[in-house]
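Chemist: Chains W and Z, in that order, are what the protein sequence lines are.
Numbered per this note's numbering, the first sequence spans residues -15 to 501.
Numbered per this note's numbering, the second sequence spans residues 26 to 209.
Rather than coming from a laboratory, the hints here were simulated on the basis of the structure.
One or more of the hints may lead you astray.
Straight-line distance between alpha carbons at most 30 Å, and here's what the computed DSS-like set of lysine-lysine pairs gives [unchecked claim]:
hint, chain 1, residue 1, chain 2, residue 2
1, W, K31, Z, K161
2, Z, K202, W, K68
3, Z, K180, W, K31
Pair ranges (Cβ atoms, derived) [claimed, not checked]:
hint, chain 1, residue 1, chain 2, residue 2, range
4, Z, A145, W, N50, 37 to 47 Å
5, W, Y325, Z, V165, 50 to 60 Å
6, Z, A145, W, R275, 50 to 60 Å
7, Z, K149, W, G278, 57 to 67 Å
8, W, G102, Z, D127, 50 to 60 Å
9, W, A34, Z, R110, 30 to 40 Å
All figures in this text were calculated on a predicted structure; none of them were measured in a lab.
Note that CB positions come from ideal geometry on N, CA and C, so glycine has one too.
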Amino acid sequence: MPEVRPDEITAVLRKQLSGFEKEIDIYDVGTVLQVGDGIARLYGLSKVMASELIEFPNDVFGMVLNLEEDNVGCILFGEDTKIKEGDTVKRTKRVASMPVGEAMLGRVINPLGQPIDGRGSIKTDKFSPLERKALGVIQRQPVKQPLQTGLKAIDGMVPIGRGQRELIIGDRQTGKTAVALDTIINQRYTHTEKAKKDGVKPVYCIYVAIGQKGSTVAQVVTKLQEMGAMDYTTVIFASASDPAPLQFIAPYAGATLGEFFRDSGRDVLVVYDDLSKHAAAYRQVSLLLRRPPGREAYPGDVFYLHSRLLERASKLSDELGGGSLTALPIIETQAGDIAAYIPTNVISITDGQIFLEPNLFNSGVRPAINVGISVSRVGGNAQIKAMKKVAGRLRLDLAQYRELEAFAKFGSDLDKSTQQQLTRGSHLVEVLKQRQYVPMPVENQLVMIYLGTSGSLDELPLQHVGRFEKEFLEMMEMRHKDLLDTIAEKKELTDEIAKRIQSVAKEFIDTFKVTVQ
Amino acid sequence: MSNLRVAKRYASALMALTAESRKPEAIADDLLTVQAAIKSSRELRSLLASPVVPKEKKKAVVTEIFQKRIGGDVQEYLHSIIDKRREDVLAEILLQYFLLRDEQLGIVSVDVRTAVEFSAGQEKSLVKQLEAYTQKKIRVSFSLDKLLKGGFVAKVGDTTLDGSIRRQLEILRSRLKDGSASKN
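This is chain W alone, in the form it adopts within the complex (with noise of 0.2 Å):
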């Protein structure tokens, strides 16, 4: 047995010690004049910040949101078991802030940023505050380039572009987070090198779960992880277990590490799953801080509350590095009523609204986008010009057939032009329905729209449009690669290679006809 000596161990010792010397030690404290429900109001600590972090005892922390004549209120971000009155508090003289790092990628992090994933401390050296003021003018430029999220009725309808804001609204069990995970997998394609090689910058995705169950974010996790989207995700979580302030500052967190990555010129995507539960938990923290109750017992500040933070989402210029931050909140609403209150403050603040409705989700429209109201304030500026020519079209026609279809329920005897705008829109949303965890890559939604609106689907029966997309495209994938890589590297579609769409088509259109007889 080796032998271990003891003054070796004394070197040892010695070298961990050295450096530290014996000096007093000056803090500001103040006492703990009232605790519970996860906030403290406290005597002294006069010279505290608004916001600043302030240490309790046993590893509790806490943030300081209330500066009052005689006392200062706080939320703690810990047990409030832990602390009784009486107790003292230090001051730590930083603002709340967060441990920021590329450590962070493939994680699940609390809103503190420590991992809950039991797979190791995570190694980072910056902090950066949680709360930030956003951007001005000069630092920021137009949304330009498109963030795909390989679903068709989105990318084809409501185009997403980069440093966008983009809302998720609909009624429970519609398919919100769905959208949002599959835009999250379909950013895998951003880190493959054919990417790289037709221009397409990859995209890092952090998901901020606010007021879930744990199974459910488990089983985010798990899907991610099976579809390799783990690589460049972080998850933030602060379950509806967790006291109502570690609530309150997740969004802010995944702005704060989102913009960490937008900073060094990177293309960020933070989902907020979901703000109607965040304006919840800062309802009561707020009630609890005595705070003035406003409409529906929110307080007054429940708008900036969410403005701050998607005012965060931003296209740096070029000069900063040309990084972007892309936000999709996510809104539950009662109902289908999206007058209420968080609702309508959450779709004035953002660039647009993805309408999901539950009518259409139970009839198998999926994903349950209602198209009529659904919009992206940024537009056409976040497509790609292909996209752009095939996809207006779409639109048209699909707003034509809604009109139509009403009045087709009355009625047998149609003219011939109705008849044929009715198997037109029917086709189209066949066309934009898609399965969940299985997002499309720009060019294949681009030949299936194109087909879709010149009307080369039109005489196939309405059951069999999916199969022929899957099949179509299959061929597509093994016969005219060609074709689609032209159109990816390209990003315009001429009509050359309209042309040979619409003749490879017809060619399998002949022969699909034949297997369904």
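Assemble the complex: chain W is given as a structure, and chain Z must be docked to it using the hints.
Modeler: Just chain Z now, with coordinates in the frame of chain W:
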């Protein structure tokens, strides 16, 4: 908590009164007498706190106790407080008053806890050091706290100067745990 706010208001009014008076020292002395009386007599405290006793009775009692001991100004002030039905916060008002007065005179009170009893010489040099640190006159109260293990802790307002062995050990422990050189 709300009492504190009330007490601060009355105390600052009292400060203004003192400033106008020709003998501010005398008023302070009188208030000190009142404070001592309240502190020492439980009966007086419960009389002031009781909402059942009518104002006139309270005034009569206060006059009788303090008539020969304090000046007319302070007596009048006490009466007006009773008129306003704030006599239950009188103790708090006096406390706030002396805090305000200290602030005005540039005196800070410092609580020093030591692990071992300091000798007179040590105390003197510590006071000197603290005066240099705060740049103000200080009023010190010493107390013994064996838990500190060694050294002393001085509390100046909200700021704590911690030179105790306990704190040093805490810092040492956190440093060994993180393996980093950062302190606190």
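Chemist: List, from low to high, the hint numbers that the structure doesn't satisfy.
Modeler: Result: no hint breaks.
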